Every structure is written in structure tokens, then in C-alpha cells.
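Colleague: Just so you know, the sequences run in chain order L and W. Under the working numbering, think of the first position of the first sequence as 1, with each following residue one higher. Under the working numbering, think of the first position of the second sequence as 1, with each following residue one higher.
Honestly, I wouldn't trust all of these hints.
Calculated lysine-lysine pairs in the DSSO-like style (CA-CA distance at most 30 angstroms, straight line) [unchecked claim]:
(1) W:75 to L:211
(2) L:187 to L:111
(3) W:75 to L:191
Cβ pair distances, simulated, as ranges [to be verified]:
(4) W:96 to L:229: 38 to 46 angstroms
(5) W:97 to L:332: 43 to 51 angstroms
(6) W:97 to L:74: 25 to 33 angstroms
Don't read these hints as lab results, they were simulated from the structure. Quick caveat, the model's predicted, so the values are computed rather than measured. Note that CB positions come from ideal geometry on N, CA and C, so glycine has one too.
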Amino acid sequence: MADVSISRRALLASAASAVGAHALWRVGHAQVPAQAPHTIVPPDPTKVPGAPLSELGRRSPFERPRRIPVGSAQGSSLAPLQDLYGIVTPADLHFERHHAGVPAIDPGRYKLLIHGMVERPTVFDLEALKRFPSVSHLYFLECSGNGGSSYRNIRPDLTPQLIDGLTSTSEWTGVPLATLFREVGVKPGAKWLLAEGADAAVMARSIPMDKAAEDALIAYGQNGEALRPEQGYPARLLLPGWEGNANVKWIRRIEIADRPFMTREETSKYTDPLPDGTARMFSFAMDAKSIITFPAYPVILPERGWFEISGIAWSGRGRISRVDVSTDAGRRWTPAELQSPVLPKCHTRFRCLWRWDGRETTLLSRATDETGYVQPTLEQLRSARGLGTSYHFNHIRAWRVRGDGTVMFGLEG
Amino acid sequence: MRVAVVLLALTLAAAACGNRDQGAARPDAPARFGFGRAATAEEIWAWNIDVMPDGAGLPPGSGTAAQGVAIYARKCAACHGRTGAEGPFDRLVGREPRSGFPFGRDPRFVKTLGNYWPYATTLYDYVNRAMPLDAPGSLTPDEVYGLVAFLLWRNEIVTDTAVMNAQTLPRVVMPAHDRFVIDNRRGGPEVR
Chain L
1 MADVSISRRA LLASAASAVG AHALWRVGHA QVPAQAPHTI VPPDPTKVPG
51 APLSELGRRS PFERPRRIPV GSAQGSSLAP LQDLYGIVTP ADLHFERHHA
101 GVPAIDPGRY KLLIHGMVER PTVFDLEALK RFPSVSHLYF LECSGNGGSS
151 YRNIRPDLTP QLIDGLTSTS EWTGVPLATL FREVGVKPGA KWLLAEGADA
201 AVMARSIPMD KAAEDALIAY GQNGEALRPE QGYPARLLLP GWEGNANVKW
251 IRRIEIADRP FMTREETSKY TDPLPDGTAR MFSFAMDAKS IITFPAYPVI
301 LPERGWFEIS GIAWSGRGRI SRVDVSTDAG RRWTPAELQS PVLPKCHTRF
351 RCLWRWDGRE TTLLSRATDE TGYVQPTLEQ LRSARGLGTS YHFNHIRAWR
401 VRGDGTVMFG LEG
Chain W
1 MRVAVVLLAL TLAAAACGNR DQGAARPDAP ARFGFGRAAT AEEIWAWNID
51 VMPDGAGLPP GSGTAAQGVA IYARKCAACH GRTGAEGPFD RLVGREPRSG
101 FPFGRDPRFV KTLGNYWPYA TTLYDYVNRA MPLDAPGSLT PDEVYGLVAF
151 LLWRNEIVTD TAVMNAQTLP RVVMPAHDRF VIDNRRGGPE VR
């Protein structure tokens, strides 16, 4: 079930952070715990020596960004999009989606087996994977169920985290799958690979071989360090721009074949029933999308005047070419500033200055990618996909600003 | 002349270490590095658990609904319901609606093996690899065949006496078999 239904617990968690918002309007960076650790703060930090050096850094005790877990072993945890600057997601805040919990894997005993239509069925341990020439790239990773809570049964008290928290961006380091395939010698006629994880779900997905030639990686590094266990330690498949589930974590086996395997996650799940009575399968690419992360519920604008609207945009098909923002419910659109570098298949930060006149209005953002694809309206997406669809919810997100400065998630217009 | 040589060297260095397509081999890379070791037949056999729609990968063994019903009651019913239709977790049994395939239009219909799954072999593959949730990988092939026979019978897809094995299971045609189409989204201006 990737269609993330928002549990009571998640709502309580977001309500808890909303409490802070009343005191500090910029809630995004002000999730100060109720009992802030004042004890450690001297009256004047210039008059006493500071804390000693340390082996491992920690966040300021004043900063408490948190994921919101929905479910336990079976389920997902959402990244706090409204608390993040720029485009990179700190590894410990990267969203999670597991089907059977996070396995504990000893890197010393880790093996990746590649077999099937290959000349040389081969086992690579972690050391062997790391000896190959490596690459590092910033890519977003997004669960294809992301945004589900903004498609049906829309509620005003949704935060960016609860709407779109199943996307994150990291710098991923690893070996191109193409390098490993040259090593094992792929036989002619090979068209699909099965990627299989070492978790209790033994997660398995069929991937077209073309993706391996294009940009797929076996990743072992995330934001400069080893992968986090929740992101697939010690090694995972990374398919830039493609739905999260296919990026099999804890990867232990790749089997190459001339046809797809039709696993449960590419038939029963991760398929898109359409209004015409068919169901789309192997819908890997994540279409262009954007969300304003400030101002957004539960922020309360303290007064009229200047604000910087800020958010993220991304496309699984390449670079974001523009993001347009409307501050009047879609009547006029202005191009937002895109923070460089604008990278393919990566979050792009957009910003736009806005002078709020104190009147009720709706804020919208609309991403366009380099293929010319324009983020659709909710109505457009619903008419193409139907109300029953369960993945790929990339319609325009809307924030309603009320006269009293409260900001609520809302329908367009 | 010296300058030309230096320039040439720089160009070569750039070619060797410069930007390149993600999947393309580095021009300075050998055809093979020789890292990793040959996989043994036993290693492959131990991990190669997938089952394909044509039955490739199905192990020897067999089972019937009569055998599956008891295993289901003991190992599955607590999470999927007494008859497979009650939950609390994924509903496995149900043929409604009998006609059409309205899942895209109407979120009220619950997807089940009987109304949504395109391949019967997927059921063997999935139950074998991931169920029961609290003891994955613990079932014998005969148990999985029995559970598959039971669930297919409950979904009115095979008879109550059908024997499921490596020959019969791939021949089972699921009601939703013809509903699936390959992704036709290609980027560009059209919303699909």
C-alpha cells in the first residue's frame, strides 16, 4: 500500500508542530521543543569557553526536524519538507518506505549475485563493488504514492511533509550498473533484469535493461557517507527519476532475462488503473511536480508585507526548465527564480518574492520540465487517470491564505 | 612543437577523465576489471526463487484447496480474514465487480487476486517469498501450492479439486489478465 493514508498519529504529530507555529510564524525552522534546552545556554556565550571538540556532530538542540512515521515495519515515514533548505535531504531525514522493515546486514558478509542471461554469473562483495570506477550524482528519490493525500479526501490541515514527504534528494555514490554488466558479459537478447532485495519482503522488481545503459547505479554512498540502513545499507539499486519502489534497497540479486518477471509489486501494486478500463504497468518515470514549502500550513503570516515564497520542483524525465508561481489563484503566473545548479532528476529550489496585501488568496506553483511537460491541474490529472488511481499524483498543489494570515492546504481557485 | 605535445596530452587526459555518459565505459577502462568471483551453482540455486508467468522457476510439488484450507486457517487467516475477504490486511478474495474494470474511475472497489491480479504465478512467487508476514520464507513448496489452490478456488478461478503444480499453475488464466497495458507516458505536453 503506497497510497499513504494519513493516520491519526501523523495528524497529531503535525498538530504538535502547529502549536509551535503560533508562537513562531516561520514554523519550518522553528520546531523548538516545548522545553527548549535553555540550561545549556549561558547568558553571554562570549564570556565562557564553548563546548569541546567532538567525534560526531549533532544538531543544535534548538532544531528538531523529524520524520513522521505512518505505520511501523510496513509503511513509510515522511521527510519534513518544510524544515529543509536548498535541495539536499539530510540522510537521517530521508523518507522511508519499507514493506517488511529495515534488515540488519553485515557489510562483511554482503554479496551481490548477478546471473541469468550472462556469460559469467558473478558474486561481488562490497569491497569488489567499491573497487570499480565510481560516480557521484545528486538525484531525487520519490515513492510513487507520494501526494496521494492531496488527490482524494483533501483536507485543509495538511503540511508539505504530509502531502509530499515521500521525496528526498541525496548525493548518491556508486558503480554504474553498466560497468557491472560489462564485467559479467550480458548475452544477446537480454531485455529485463530482476532486482531483488535482502529484506524480509525479498522485494523484487523487473527493470528494462535500457535503464542500466542509461544511468542506473548500484549505490553504496549517500551524502558523503555510507548508505543509511533505511536507504538500503550496504548497497541498493538507484534508478534516477524512477518510482522509489523499483530502486530496490539492500540489493542482493540481479537476474537477467528476455522478459519481465511480473512480481507482485509490478502487477497487484505499482500499477495505475485508468478510466478506460485498463491498468498501466511499468510506469516508472516520475512526472514533473512542484510544491510550495513556504508559506504552507501550519504557518501563520504575522503581518502583511514581503515574503519569499519557496519550494521544490523535480522531474524524473530530466531538468526542470521553469516553475511558475501564481499568488492570485491562477489568474496570473510569474516565473520563479530557479536556484542553480538545476540538475536533471533532482530537486530544484525555486523562490519568488511576494508582497502580501492582507487579502485572502491562493498560492500555486506549476513546474515545467525540459521535455515540455507541464504539471497538470487536479482536474486534468483526474480526467486522465480517474479518481481511483493510486500512484503518480503530480497535480498542482494549492495553498489558501486567509485574511488572518493562516495558510491552509486547499483546492485550486 | 612542445606546446602542441602538451596540448595533445591535455586533450587525451580530458578524454580519459572528462565528463561522459552515465552508462558508457570510461575510455581508459579495460574490457573487464576481473573483480568479483564466479558464482557457484549452489549459491544461485539458493537465491533464485522467482517464478515467471510461463512457470519458469516453479519447483516440484503440488497442492489442492483441501490441503490449503487448513494451512490458511493456521497461518494466514489472522491477517487476511477467515475466508480471505475480511482483512484486516490486504483482501485476497473477491470478484466484484463481475464485469468491467472500474478501478481507475472508482476508488470504492477493493483490488483482490480475483479481480485485479493478471498472473496466477505471481501468487506463488509472492506467498513463497514474503508470506506469512511474521515468518517469510518458511513455507514448503507443497504448502505454497496448497495455499495458491485454496485462494484461486475461493476466487472462483479454479475448481475445488484442482491440483496446482508447476504444469497446471501457469495455465490458469486470471480474470484481469487482458487489462494491463505498458506505460505510454513519454513526457512532452500531453497529460496521460
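Colleague: Given the hint of 43 to 51 angstroms, is the C-beta distance from residue 97 of chain W to residue 332 of chain L inside that range or not?
Modeller: holds (45 angstroms)
Colleague: Quick one, are residue 75 of chain W and residue 211 of chain L close enough, alpha carbons at most 30 angstroms?
Modeller: Since the Cα atoms of residue 75 of chain W and residue 211 of chain L sit roughly 39 angstroms apart, the hinted pair is violated (cutoff 30 angstroms).
Colleague: Is the gap between the beta carbons of residue 96 of chain W and residue 229 of chain L within 38 to 46 angstroms?
Modeller: Holds, since residue 96 of chain W and residue 229 of chain L (Cβ atoms, about 41 angstroms apart) stay within the stated range.
Colleague: Next pair to validate is residue 75 of chain W with residue 191 of chain L; report whether the Cα-Cα distance is within 30 angstroms.
Modeller: With Cα atoms ~37 angstroms apart, residue 75 of chain W and residue 191 of chain L exceed 30 angstroms; violated.
Colleague: With the threshold set at 30 angstroms, check whether the alpha-carbon distance from residue 187 of chain L to residue 111 of chain L stays at or below it.
Modeller: holds (22 angstroms)
Colleague: I want to verify a distance hint. Is the separation of the beta carbons of residue 97 of chain W and residue 74 of chain L within 25 to 33 angstroms?
Modeller: Holds, at about 28 angstroms.
When held up to the earlier numbered hints, the structure conflicts with 1 and 3 and fits the remainder.
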